[in-house]
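Protein chains: 6
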Amino acid sequence: MTDVWYQNSIECLALKEGSEHMQMVDISTKEVTEREAVAQGRVFLKATVIKLIKDKKTPKGDVLEAAKIAGIFAAKKTPEIIPLCHPIPITSMGIAFTLKKDQVHIITTVKGQAKTGFEMEALTAASVAALTIYDMCKPLDKDIVISEIKLLKKTGGKSGTYVRK
Amino acid sequence: MTDVWYQNSIECLALKEGSEHMQMVDISTKEVTEREAVAQGRVFLKATVIKLIKDKKTPKGDVLEAAKIAGIFAAKKTPEIIPLCHPIPITSMGIAFTLKKDQVHIITTVKGQAKTGFEMEALTAASVAALTIYDMCKPLDKDIVISEIKLLKKTGGKSGTYVRK
Amino acid sequence: MTDVWYQNSIECLALKEGSEHMQMVDISTKEVTEREAVAQGRVFLKATVIKLIKDKKTPKGDVLEAAKIAGIFAAKKTPEIIPLCHPIPITSMGIAFTLKKDQVHIITTVKGQAKTGFEMEALTAASVAALTIYDMCKPLDKDIVISEIKLLKKTGGKSGTYVRK
Amino acid sequence: MTDVWYQNSIECLALKEGSEHMQMVDISTKEVTEREAVAQGRVFLKATVIKLIKDKKTPKGDVLEAAKIAGIFAAKKTPEIIPLCHPIPITSMGIAFTLKKDQVHIITTVKGQAKTGFEMEALTAASVAALTIYDMCKPLDKDIVISEIKLLKKTGGKSGTYVRK
Amino acid sequence: MTDVWYQNSIECLALKEGSEHMQMVDISTKEVTEREAVAQGRVFLKATVIKLIKDKKTPKGDVLEAAKIAGIFAAKKTPEIIPLCHPIPITSMGIAFTLKKDQVHIITTVKGQAKTGFEMEALTAASVAALTIYDMCKPLDKDIVISEIKLLKKTGGKSGTYVRK
Amino acid sequence: MTDVWYQNSIECLALKEGSEHMQMVDISTKEVTEREAVAQGRVFLKATVIKLIKDKKTPKGDVLEAAKIAGIFAAKKTPEIIPLCHPIPITSMGIAFTLKKDQVHIITTVKGQAKTGFEMEALTAASVAALTIYDMCKPLDKDIVISEIKLLKKTGGKSGTYVRK
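Residue numbers (my numbering), protein chains in the order written: chain A, 26 to 190; chain B, 26 to 190; chain C, 26 to 190; chain D, 26 to 190; chain E, 26 to 190; chain F, 26 to 190.
Please note that a few of the clues may not be correct.
Pairs of lysine-lysine residues, derived as BS3-like cross-links and limited to a Cα-Cα distance of at most 30 Å, are as follows [unchecked claim]: (1) E/Lys183 to C/Lys102; (2) F/Lys85 to F/Lys167; (3) C/Lys102 to C/Lys55; (4) C/Lys126 to C/Lys175; (5) B/Lys76 to A/Lys183; (6) B/Lys163 to D/Lys81; (7) B/Lys178 to B/Lys190; (8) E/Lys183 to F/Lys76; (9) D/Lys175 to D/Lys125; (10) F/Lys79 to F/Lys126; (11) A/Lys167 to B/Lys76; (12) E/Lys183 to F/Lys82; (13) B/Lys126 to B/Lys55; (14) D/Lys125 to D/Lys55; (15) B/Lys167 to B/Lys71; (16) C/Lys79 to F/Lys125; (17) F/Lys85 to E/Lys175; (18) E/Lys125 to C/Lys178; (19) B/Lys79 to B/Lys140; (20) A/Lys81 to B/Lys71; (21) E/Lys102 to B/Lys55; (22) D/Lys183 to F/Lys140; (23) E/Lys178 to E/Lys125.
Honestly, the hints are just simulated from the structure, not real lab data.
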């Protein structure tokens, strides 16, 4: 009886694979290539808070150091956070911040050799760095907004280079 | 000799507690109150992709179901992701989506009884739901943007109710 | 414009809360009571392998010690593994094994003071203990089966005591 | 003195490696091959609950969508849950459900290129999908049973193809 | 038959609870009190490396900021890392460093209201802060040693205050 | 305008890459080689407690079994715990203990094929095994000290073999 069940189920599975059910896309036959993704995010804050960040005077500690490390951990955690992301090995990860009058601009880069790209790792790192800035500054500014989280550039893989216009 | 060391270190720590070093803020003496936070996020997508999401025709599976569950898990994971967040017990968590012409609008609500608020839980859930939508739609639209992640409302605690204007 | 959006979204969320969308059930108004859950699982193995487990002669190490610790960790991880489980504080956790001719019988108990029960913690611990036994014995028996994972008993909370018949 | 200690300890370790102490088996010299594992699980539920699942009318949300995502996350988390599992890269993962009169039949498939197989990943995904169904249906049926979690098929590696009879 | 099984197993479990099997100690009946733990660790490094740390000139980034955040995350992760630790809510956490000629001296303090103490949280934070310093300095010094990880002080709970002599 | 921003930011990132900001070191161009790391740790305990460990008579369960499994899990968790560690695949992991009159001596070995070494994995495993021994013995000895966590040996990679003198 188990055999019949098994037969049916395998058929059913095969059937479903042709349709739109939830699954981690099969990347088995894709080529391992050198890949890189660059993403960004912006955190809009009061000018007075930007100044405190710059001067390392915020009450909870050095905002940008905390945001960098939270972002680096987040890049590594991406497949635990985003359901259909494949676990792929990061070989390099950097985060840089530019302080503007009314915002912190975050840029993240993630590199590795894999069968699929590092877009979600770079985007997740940018989002978590932004959330960390939010958390550390919220006693000072109740109206913070995180915006424009997006991919800037992607290289490697069959689809080639993408640069956001 | 250890005693001397210890003495000095405790002094040093006490000293530092008066200044701006990194730390999880002490909430020991804050009152446990019923608290709620409502946050939002927006994911800007092509109109054709919005239609596919609505019709559950995207290739990787049902986008909004995946985004809901990823967001719920993320709310629970917040203190693992954001360095200075206190672990506080969530008693309720909901995520709702509104499909507009060019965007998915995400609203998250988190509730609990705690000594500090659930803002970061609601914001992290909104961010991760947005990233999940990004991940599941990126084969269909290379120019997705996540924006306007922000707190909409907060109740409970000494500082009282906040509603974003 | 944000205000209008916000208004609409809150309405939309309120609307949805009356219907069947995904959410962590609101336990805010439930009472904190002493609660306990007892669950079980069975792992069916060849008699020769049962003997090796008893004699601590399996090639990868002491199977039951590994299964106990994996089960204890799993009880604590439950809200990270099961989407809609609330994080609730475990105050005690035990795992016991009975070696029978053709099976390992696992019993788990989890206790705590909370607004909701520890059924999923006890069941998750039993499942992970069973999977660990499977993993450590699979070089010795290719036909292992895990069965009868179920709740045996539950006490505390408004619904009172449940004992499986 | 450290040298003597070190000498002795290395000897002691070497000694132990010849006996049955706990360890992650050394797979360094095994070949990387394309591997696949198919596993199953069954969740026995009242016929009335099966109907509610089918009609997406269960109170906590869409049961099968939640179970799929929980199962996919669990496959990726396997080495964090099962003590002696090696971390190996999944390239594809699918979950399918068949609703029968008195049960949900779960089938999971996991693929990748690795030095060891994906059996535990497929079994863990099936177990966690089953536990998620249990969690979402327990307000409707107190007597749920999870059974017959087992490997159905395994391909790749030196030991070749296994199909459960 | 299940009943008989169940009966026996419960007996067996009861029996085992009187003996020395593995378990998370039952803290249900212990009182919730304000508790604090202070721990320390030392990382021995070359004087030249201590100077680079002080001047924030190490190649991988600001060592002490990274160590603080890693330590704070580790305190929160303690029950996931140490098998029999109960999950208890931290309300405050601080890390301070003293740079000496040949070492970094780490002091950690953890506070909360709970039924058991925060010793392991403070010790785990000190260990992970030390390991992070090791990781960030190992390209500069191959002979780093981490030593004297120990509890300095503990207050709260039935056993009262402990101060290491 | 986005273009200008983007331009500037990329420049800014490039600029920073030449200086000492926080980052996961780029290992893309390093060669994958067979690598092994051996580390140690010592836990100093009263002689009476050492005897209880040996006789498996400690109240919380078998100390060394728990420490082994906690150490194995910790080796796998290393990149989640230490900020700048790359995720690299472990192919083998062993832990051995030597009971001396006043201490438990822990030796860990980790092996794999990777672009960077397994030092931090071996050191993290030794630290967590030591912390687990601490946790399980602290009701019996309040003055436990963990010491001499250090690398003993490292092979593989461009820098060649290292043996601590």
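Against the structure, the hints:
For the proposed pair E/Lys183 and C/Lys102, the alpha carbon gap of about 29 Å is at most 30 Å, so the pair holds. For the hint linking F/Lys85 to F/Lys167, the alpha-carbon distance of about 16 Å falls within 30 Å, and the restraint holds. With a C-alpha separation of about 23 Å, the suggested pair C/Lys102 and C/Lys55 falls inside the 30 Å cut-off, and the hint holds. The suggested pairing of C/Lys126 with C/Lys175 holds, with an alpha-carbon distance near 21 Å, which does not exceed 30 Å.
Restraint check for B/Lys76 and A/Lys183: the C-alpha separation of about 27 Å stays at or below 30 Å, so the hint holds. With a C-alpha separation of about 28 Å, the suggested pair B/Lys163 and D/Lys81 falls inside the 30 Å cut-off, and the hint holds. Taking the CA atoms of B/Lys178 and B/Lys190, the gap is near 10 Å; set against the 30 Å cutoff, the hint holds. Distance check on the hinted pair: E/Lys183 and F/Lys76 sit about 27 Å apart at the alpha-carbon level, within 30 Å; holds.
Restraint check for D/Lys175 and D/Lys125: the C-alpha separation of about 18 Å stays at or below 30 Å, so the hint holds. Distance check on the hinted pair: F/Lys79 and F/Lys126 sit about 11 Å apart at the alpha-carbon level, within 30 Å; holds. Between A/Lys167 and B/Lys76 the alpha-carbon distance is near 35 Å, which puts this suggested pair outside the 30 Å criterion. At roughly 24 Å between alpha-carbon atoms, E/Lys183 and F/Lys82 fall within 30 Å of each other, so this suggested pair holds.
A threshold of 30 Å between alpha carbons decides the hint, and for B/Lys126 with B/Lys55 the separation of about 44 Å lies outside it, so the pair is violated. Between D/Lys125 and D/Lys55, the direct Cα distance comes to roughly 41 Å. Violation of the 30 Å bound is thereby established for this hinted pair. Between B/Lys167 and B/Lys71 the CA atoms are separated by roughly 10 Å; this keeps the pair inside 30 Å, and the hint holds. Taking the CA atoms of C/Lys79 and F/Lys125, the gap is near 28 Å; set against the 30 Å cutoff, the hint holds.
Taking the CA atoms of F/Lys85 and E/Lys175, the gap is near 20 Å; set against the 30 Å cutoff, the hint holds. For the proposed pair E/Lys125 and C/Lys178, the alpha carbon gap of about 58 Å is over 30 Å, so the pair is violated. With a C-alpha separation of about 40 Å, the suggested pairing of B/Lys79 with B/Lys140 is violated against the 30 Å cut-off. A C-alpha spacing of about 41 Å is found between A/Lys81 and B/Lys71, which places the hinted pair above 30 Å, so the restraint is violated.
A threshold of 30 Å between alpha carbons decides the hint, and for E/Lys102 with B/Lys55 the separation of about 23 Å falls inside it, so the pair holds. For the proposed pair D/Lys183 and F/Lys140, the alpha carbon gap of about 26 Å is at most 30 Å, so the pair holds. Taking the CA atoms of E/Lys178 and E/Lys125, the gap is near 22 Å; set against the 30 Å cutoff, the hint holds.
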